[in-house]
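Enquirer: In case you want the letters, here they are:
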Amino acid sequence: MAMEITQALLAAQSPDTQTRTAAEASLKQFQEQNLPQFLLSLSVELSNDQKPPESRRLAGIILKNSLDAKDLARKEYLTQQWVSVDPSIKFQIKESLLRTLGSSAAEARHTSSQVIAKVASIEIPRKEWQDLIGKLLGNVTQTFAPGFLKQATLEALGYVCEEVAPQDLEQDQVNAILTAVVQGMTSAEPNSDVRLAAIRALYNALDFAQQNFKNQVERNFIMKVVCETAVSKESAEIRQAAFECLVAIASIYYDYLEPYMQTLFNLTAEAVRGDEEQVALQAIEFWSTLAEEEMERQDDCVALDELNSPVLHFHFIDKALESLVPMLLETLLKQEEDQDQDDTVWNLSMAGGTCLGLVSKTVGDKVVPLVMPFVERNIAKADWHSREAATFAFGSILEGPSVEKLSPLARSGFEFLLSAMKDQNSHVRDTTAWTLGRVFELVHRPASGDPIVNEKNLPGIMTVLLESIRDVPNVAEKVCGALYFLAQGYEDAGPASKALMPYYESIIAALLSTADRVDVSNVRLRASAYETLNEVVRCSYAPETLNTTAQLLQEIIRRVIQTVELQVVSSDDKEKQSDLQALLCGVLQVIIQKLGSSEGKSVILQAADQMMMVFLRVFGCRSSTVHEEAMLAIGALAYVTGADFAKYMSEFYRFLEMGLTNFEEYQVCSISVGVVGDICRALDDKILPYCDGIMTILLKDLSNAMLNRSVKPPIFSCFGDIALAIGEKFDKYLIYAAPMMQSASEMCMHLDTTDDDMAEYINQLRMGIFEAYSGMLQGFKNSNSEIMIPYARSLVQFIEAVFKDNSSDDLVTKAAVAALGDVADALGGGIKVLLANSSFYNELLSECLLSEDYTLKETAEWAHTLIQHALQS
Amino acid sequence: MPPSPSPSPPRPARRTPENARKKAYKEQTDVTNGRRRREAQLLQLRKSRREDTLSKRRRDDASSPSTEPESDIGPASPESDRPSSSDPPPLACATDADSNKLLGIINGLKSENISLQLEATIKIRKILSVDGNSLAEEVITADVVARLVELLSSKKNLRGPQLQVEAAWALTNITAGTSEHTEVVTNAGAVPKLVKLLESPRSNVREQAMWALGNIAAESQRCRELVIDHGGLGQLLSQFNEHAKVSNLRMATWTLSNLCFGKLPSKSQTKAVLQILQQLLNSIDEKILSDTCWAVSYLCNHGTDEIQMVIESQICCRLVKLLMHSSPKVVTPVILALANVSAAADCQVQFLIDSGILQCLLKLLTRNYQKCIRNQACMTVSNICAGTAAQIQAIIDAKMVPLLIQLSQHGESDIKKEAIWAIANATSGGSPDQIRSLVGDGCIIALCNALVLSDADLLYACLNGLESILKVGEMEKMKDEAGTNPYAVIMEECGGLDKLENLQGFNNDAIFEKTIKLLESYWVEEGSEYEAPKDPSPDDT
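Protein chains in written order, with UniProt numbering: chain D, 1 to 873; chain Z, 1 to 541.
Hint data in this document are derived by calculation from the structure and do not stem from the laboratory.
Just so you know, even glycine gets a beta-carbon here, dropped at the ideal spot from N, CA and C.
Warning: the hint list may mix true and false statements.
[Stated by the list, open to error] Cut-off 20 Å, straight-line C-alpha distance, at most; resulting in silico cross-link-like pairs (EDC-like, lysine to aspartate or glutamate):
| no. | chain 1 | residue 1 | chain 2 | residue 2 |
| --- | --- | --- | --- | --- |
| 1 | Z | Lys126 | D | Glu852 |
| 2 | Z | Lys47 | D | Asp853 |
| 3 | Z | Lys56 | D | Glu664 |
| 4 | D | Lys456 | D | Glu467 |
| 5 | D | Lys75 | D | Glu162 |
| 6 | Z | Lys363 | D | Asp756 |
| 7 | D | Lys75 | D | Asp756 |
| 8 | D | Lys857 | Z | Asp433 |
| 9 | Z | Lys245 | D | Asp853 |
| 10 | Z | Lys22 | D | Glu337 |
| 11 | D | Lys804 | D | Asp756 |
| 12 | Z | Lys56 | D | Asp684 |
[Said to hold, decoys possible] Where chain Z lies over chain D, by a calculated footprint (3+ residues, C-beta under 8 Å):
| no. | region |
| --- | --- |
| 13 | 344-353 |
| 14 | 717-727 |
Work out the full structure: start from the sequences and follow the hints.
Expert: See below:
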């Protein structure tokens with residue numbers, strides 16, 4: 001078999017399809033017939049230096065893929081599969097992998113270290129392979145171990161740390177790993193490959209070092225070695241890896257940083273000013289990370305109970321400001337030609353400006369006097385680098401400082417910015433357009449008494465923007481952004497709301513022709529043009545723009561039809577078509593909402609048939625993204641048409657079903673579930689003929705373990721929507737739906753609320769469950785409310801559980817109180833039995849009556865009235 | 001399935017910073033996230049439509065069986081409290097209409113129906129919260145206040161807590177007024193009941209009670225003692241627990257700081273307070289931190305015993321660190337506290353030096369802080385300068401002297417004085433070596449320039465300083481070939497001698513004697529003119 005597998009592995013990479021297919025089949029057969037032997041053969045192949053590199057490479061890949069997969073369910077399956085392999089064979093495989101770390105072939109060593117980590121990720125949490133760490137450390141600490149063995153072993157240690165959770169390793173194991181890794185980093189280690197592997201391993205091991213960082217001596221030592229490595233003369237790669245560690249330390253161990261800050265400042269400053277770019281970028285990243293960390297801490301400080309877990313906040317950014325800002329400003333002058341045309345570039349000036357933006361958000365007003373002299377000095381210089389840097393600096397500090405501080409600056413610099421849109425250098429124009437957008441977004445304030453844009457300068461601004469939107473694509477994209485924010489500012493801006501209306505037609509025309517540009521290789525410009533169009537329409541002053549928007553509606557419909565008629569040959573064509581359809585359906589959705597809620601409703605009603613036809617044709621092209629956008633638009637349309645939507649149902653229903661069953665693309669599923677709710681509210685009991693189908697799918701979705709959990713809460717809400725729409729006719733679904741609600745309620749009580757994501761999910765789930773009960777109780781209220789009696793008890797228990805668990809937010813509490821009221825409302829005196837032995841509801845209500853949230857208070861008052869009445873009846 | 005260890009939750013992948021940052025470069029988030037935004041908007045819309053549908057159904061029914069209870073259950077919601085807003089503007093004296101209205105309110109207050117009580121209490125609270133409301137004076141009568149105090153201990157009813165909050169709120173508004181108003185409240189026996197409310201399970205009840213107590217405590221030492229005698233301090237301290245909300249902590253800290261304004265009756269109370277304050281000093285909520293620091297600074301005001309307890313509670317180190325806090329709201333009380341500590345015994349002062357205070361003071365004095373902060377900082381320095389030789393050495397080592405000299409010449413007047421005090425203290429108490437160093441930095445000129453001031457204490461201190469300097473100068477004289485006192489020479493050259501001479505006319509015995517002593521000891525041999533003042537200047541009055 002050993003010989004055979006080598007050949008099979010080689011043949012599986014053959015350019016000849018037939019050979020390849022046959023080899024793949026025989027490998028698969030081997031795998032299915034005898035998995036343990038198959039895995040063993042692969043590991044032997046990988047470890048054997050006599051074998052060709054190609055077969056070893058594939059053996060390694062198959063091994064890895066037999067242990068781990070991105071998909072969670074598949075991963076769980078693979079884990080079980082490995083666990084059930086005979087222990088003696090597993091032992092041989094692991095020994096073979098460890099041996100491979102000493103192979104002379106670099107690639108085999110590398111692959112083996114990855115596979116070791118995958119095995120460790122399964123076994124270490126199960127308290128198996130407990131001697132792995134010891135064995136790996138043995139390799140590193142041997143005095144005469146060859147450099148490449150040490151290097152591969154350190155790499156393996158790093159990967160193991162990446163795969164395994166901190167609680168799965170004992171503290172003494174962690175200590176030993178850190179000792180070995182730090183040892184490998186010091187200058188005592190002669191081999192620079194080993195040092196590089198060591199510092200990279202440290203990066204992965206940092207999460208494990210909680211205890212070590214608590215200890216001052218150990219912490220000092222780790223910091224010292226990392227800092228020394230950050231100035232190591234050997235290679236930029238090593239220094240870069242050291243700075244990556246510092247970045248990670250800044251976010252994981254912020255609390256301990258204070259004593260090292262002076263050193264760290266000097267280190268980063270030297271790297272930014274003098275080291276190679278890859279190192280300098282990490283040094284800037286250190287400060288960006290620190291700024292983000294401090295912003296987060298500022299937020300937490302209000303949110304957290306400070307006595308219990310004091311959040312430390314040292315104001316490092318604030319304290320370093322006077323030296324930090326000049327350092328960042330210097331980097332801004334290091335632009336490259338054409339960097340804005342190339343999405344893959346990431347250089348010093350981009351990183352520096354981005355960091356300056358974060359710093360500005362962290363410290364606010366204080367940054368302004370440190371930056372403005374630089375702006376003034378450079379903004380008019382002959383060298384474009386200076387002009388661009390000055391503009392970028394100014395644009396970067398527009399978020400964070402107060403509007404009071406920024407407004408006079410923006411005002412006095414505004415004319416200059418407009419004129420800079422004609423700068424001979426496109427990079428300057430790009431940054432200027434972006435900065436204008438920031439001014440509109442952050443400083444403009446049209447509703448204030450004294451806005452930066454006023455009737456005097458608006459004509460000039462519009463001339464410049466409408467001209468510049470024809471500039472090169474990257475500049476045009478920023479101009480779209482500027483128009484976007486300019487338009488957004490006028491939404492509900494009081495008397496100023498109409499200001500942009502004289503330009504409404506010409507803006508739309510400019511955006512449509514921008515979307516049509518043929519010189520656009522970059523898809524982003526088209527997307528920006530359409531998204532800006534959406535915002536311009538959304539924020540327009542409705543009565544006056546009705547005709548123009550109605551014309552736009554026709555134009556967009558025409559464009560969708562065009563896409564359907566496009567010739568689609570390649571998969572690339574298909575993707576382009578569906579992207580464009582997504583953008584256009586987005587515009588339709590916005591127009592439907594804009595006109596549907598105002599005098600323009602008749603326009604939408606007139607065009608409804610046309611639009612529905614267009615959506616159905618888009619569905620016909622079948623691609624998930626389009627599905628979503630068209631679905632969203634249909635949801636919006638149903639609200640406008642109301643019960644008339646019924647005439648589209650027979651044709652639309654199969655697409656709706658398609659969406660509801662698409663559990664692989666869960667967003668499609670989720671949006672479709674929402675649309676069911678929209679349609680229920682539009683159709684009321686006219687939805688009835690479709691309910692059997694819909695309910696069957698929804699119930700199936702709920703019990704589908706493969707469906708992303710985020711879809712489940714909306715499904716419960718949707719039950720409520722359906723029950724409200726069809727009233728007593730819901731009775732035949734009740735025996736299926738109610739048990740699902742009960743088991744979900746029980747699940748909520750047992751899930752871990754300490755994890756933030758989980759806590760949020762639980763709240764969504766609770767919300768969905770309450771909405772389901774409320775819909776049903778209200779649906780049955782007038783005819784057949786007794787049918788709810790068997791389920792009301794578990795609802796009351798659930799409300800009590802939610803009330804006693806303080807992880808629920810106000811919205812959930814409100815839904816709980818409302819559901820309690822619904823019980824009283826639907827069951828009347830029947831509630832007496834339910835509340836007989838409990839007092840919690842009084843507490844719940846009195847707490848809510850005291851709430852500062854007016855709607856919660858109102859809901860509680862309503863519920864209280866009903867309960868009192870029910871109890872007295 | 002056999003129980004298997006649950007797979008550990010996947011750790012959050014450490015992001016590749018570069019990609020995340022690249023996205024942030026010239027970011028126009030809203031523009032690129034159009035779809036997500038539209039979806040969120042639709043979701044929002046959907047939610048509100050669902051709610052509309054539901055509430056339509058809910059209201060549908062409320063009309064049939066339960067019209068009656070609706071009216072008897074609730075008081076009008078605060079929003080519908082129209083009278084106070086649509087009333088004519090307040091007049092100097094209450095009109096008849098006002099009086100009628102007031103009568104209605106008072107009747108409500110006295111009724112036994114909790115809904116009416118609540119309604120009336122809210123109205124009173126609103127009347128009191130409007131400045132200059134003509135009705136306010138009429139509301140604050142012994143009668144009404146006594147009833148409000150009664151309502152603080154409302155029965156356990158669904159609306160009880162709400163009534164407690166409103167009554168406490170109304171009382172809070174009264175105690176924010178004049179001393180007489182506060183007295184009406186304390187006389188009505190509000191304090192014990194408010195203290196009792198601190199045990200309420202409801203955080204907003206406790207918060208309102210604390211507010212009222214804080215106002216009362218701010219009134220006078222007698223009021224503070226009243227609160228403490230009724231167990232208010234202990235109850236307040238128990239508010240600082242792990243379950244407390246931030247808003248509660250803020251209120252509790254503020255109230256505590258008010259109680260600390262006066263001397264606390266017993267040492268054990270001070271200790272207990274310090275224990276809490278020590279924890280609070282780690283808070284990063286600026287409001288809490290600021291009030292905590294005020295509390296500490298008040299405690300330090302009460303005497304050396306309190307200062308010793310502050311030092312023993314090991315918070316000085318943290319206080320010194322807080323000198324570098326970014327908000328003046330924190331720095332001001334901190335420097336006041338530390339200035340007090342610096343005036344205490346030498347060994348107490350040493351704690352501050354060991355905590356690194358000098359570097360902080362240096363920064364406070366050189367940067368653009370508010371004047372009062374710099375003034376206190378300078379006073380702290382001068383206090384430290386009055387300490388032991390080792391402490392003076394610490395000042396020198398911290399390179400503080402050149403700054404002090406500069407401030408003594410160019411500082412604003414208060415700061416200038418403090419700087420001179422510092423120099424005078426340092427020179428008076430310094431060892432010979434230290435004095436040489438101080439002279440090297442220019443202390444003689446600084447002290448001489450100060451000889452024209454009119455503050456007798458300060459003048460005397462300067463003379464003391466100069467005396468010490470001149471004494472050391474005598475030692476130098478031995479080494480000097482010319483046999484002159486080099487420091488006396490400096491004094492002559494900078495015009496200090498002239499100023500010293502002029503001081504003979506200063507109307508203060510101690511200064512006169514000191515001046516004469518200096519002139520006689522160091523200059524008398526050079527000529528006879530200093531033996532005695534020749535002719536007392538005519539304007540010597």
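Enquirer: Which hints, by number, does the structure contradict?
Expert: 3, 6, 7, 8
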